[in-house]
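Protein chains in written order, with our numbering: chain R, 1 to 83; chain U, 1 to 292; chain D, 1 to 386.
Quick caveat, the hints were computed from the structure, so don't treat them as lab data.
Check each hint, because a few of them may be wrong.
[What the hints assert, rightly or not] Computed list of lysine-lysine pairs in DSBU-like fashion (alpha-carbon distance at most 30 Å, straight line): (1) D:LYS2 <-> U:LYS46; (2) D:LYS206 <-> U:LYS46; (3) D:LYS187 <-> D:LYS232; (4) D:LYS2 <-> U:LYS93.
Listed here are the chains, written in short residue letters.
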Amino acid sequence: MAKGRVSIVVERCKACGFCVEFCPTHVLALSSAFNSKGYHPPHVVSPEKCSGCDLCGMYCPDFAIYGTKVGEMKASKAGGGEE
Amino acid sequence: MLKVVDDTVNPVEPFLRSDRMPHIWCPGCGIGTTVNSFARALIDSKIDLQSLALVSGIGCTGRVAGYVKLDSFHTTHGRAIPFATGLKLANPKLNVVVYSGDGDLSAIGGNHLIHAARRNIDLKVICVNNLIYAMTGGQTAPTTPGHATTSTNPYGTFEPAFNLPHLVEAAGAVFVARWTTFHVRQLARSISEAFQKKGFSFIEVISPCPTLYQRRNKMGDGLDTMKYYKEKSKVKHGAPTSEVGLTLNGEIAVGKFVDRDRPDYQSMMRAQYVESLGERYIEEAEMECVCG
Amino acid sequence: MKADPHGVLTGTHFIDGDHACCEGALAAGARFAAGYPITPSTEVVERFAARVPTVGGTFIQMEDELAASITLQGAVWGGAKAFTVTSGPGFSLMMEHIGYAAMTETPCVFVDVQRGGPSTGLPTLPAQADMMQARWGSHGDYEIIALCPNSPQECFDLTIKAFNLAEEFRVPVMFMMDEVVGHMTEKVVIPPADQIDVVARKHTRKSIEDYLPYGSNGDMVPEMAHAGEGYKFHITGLTHDERGYPNMTPQTQDKLVRRLQNKIRSAADRICLFEEDRLEGADVAVVSYGITSRVAQRAVEMARERGLKVGKLRLITAWPFPDRKISELAARVKSFVVPELNLGQMVREMERAAGGKAKTFAVPHAGGGVHHPDEILKAIVEASRC
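Excised from the complex, chain R in its bound form:
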């Protein structure tokens, strides 16, 4: 059971690769999918290895990814689950 979970805001990603590189447990890789701007956003390849440390979120210059610890306080309606 993973200790953490990654959330990806696909449309903000510019495929800089920071998150992929600096995830300490190599959870991520750039996908072959495209977002509407033509970038390859990351996707989770090893979900079981995620610790929820949020280093991906700290590094992401585009605020497009973040990690949370599973069982962490869920956010209020504001900001989450929007389309």
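Place chains U and D on chain R using the hints.
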């Protein structure tokens, strides 16, 4: 458009003007990364966001003001510090952060930088240094290392670059630190520390400009630069600032260089007036004279 | 509302224009000034620096005019009424920030005690050669208000007016003194605070959710908020929309700059102040402002003694230019005589507004002194003959 399918929220999100995302910074630009560290520092320091004001100048880093959900002011080139000074003096309860770039703060804004440090105005200055004038297309800045290629030095620069920590220490800053965008946690910690200090704090963050500086100098993209920072940086807390200058391919000294105490501008002002005027000194103006 | 008594030095004084201007600012509620010394304006802030610690407020001498002109704006957004004081060379340095104040709609006052120019010019001698610069000095399309006092008493009274107009229209106001008015000492009567009307800042009463920094409230002047009140607003010099967010499209640009222009122009009748003297049945109208108006008064008396039908119009508001008044007057008189301490600045506005209905005779002066009444009289005589 967030397209987040779960109900968690990015810890940074409450600090962002989400309605203005995605931002204009290039892929691999480090400015957004510094904003993450800034947001972390705000969370960790439990700063009251209502009394926090952010002032920036012109340039890529200057756009930070437009993306943070705070009372924020995008001012003129080089003049964020004097604007911030006016804000702080008119309302001393505000926590005022200046968030601007190396060109804005040390070239056109250089005079204001040294005077605010001299006066020890209680400001937290975050200087994102990408070693170039980025927004205008990659011209030589006072921080561009010698022999770098820029659009106005197409055959290589031949001027020495400013050593910003040395400059602001000499001018009087009480807190001087430098990190790179690789050092996300350390940067957040330094910003938090700066919030605990009264006086002129200056935090330099070396950041990639993959589109201009790195590209013209064949240093790869943003990720290559982050790895470069990891390789080249050396933590040297307390190092003499005269020794932390940057060169094209040399070591990047990072850490907390200066942490000293001296009275800030407003404390000195108050002390002087109390000594000269005693009870006649009235510190705060009646706010009713403005809003009625 | 009425003036805050802490700042009102009620009484009869014998002070010069610079000092009276400072008292006017204090009476108007100014509690912040950022300055940089420059002759012949320095005394305004020197007095402010001496007065404000016992009134409540701050003076800071900044490292240059570039800083002073923006520091005062930071103070405005921090909640104060603020101003700065300068002369020609400093006025030139402040131009970018006058534009910033106009663009962000920051209410504030810039005092220019004009001296001989260009460049370093004549630091201790008068001129009125910054009049066009007051209007057009910064880049882009924007409007300002400019007032011209002609006595130390007016330096007091009209400074209050300047602050009031700044708050009412959220615009930078240029207070165009000159070295003579600034350094002449005369009786200045400062009334009790409850006899002085002061305009409060147009502060929003909207909730944080509803407030838009540049939203419309039925007029063209948006409501303001200050930093630290929880509104978390954004202010930028970039072309922006009602949210204050940068929005750089031709449509937003058109809407914004036209509003900045119209909010002043549509109220021109209210903003334009002038003083008329015996214009009924006049053939010649002498139109002047500032110190020159006092010399012109003498010339008008001399002309009337000779039987010439001469009247006088004194511009108290120089900008917006009183187009309607001049156009209306041009239909009644045969000619205008326009003496100024410059080689022809406001006279160009006169010619434009007169629209050819009356002839215009300029009486230029390169600056450094004031006209001799005979120079103006000569022009009046010539103007009477046409």
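**OP:** Check each numbered hint from earlier against the structure, then list the numbers of those it violates in ascending order.
**Re:** 1 and 3
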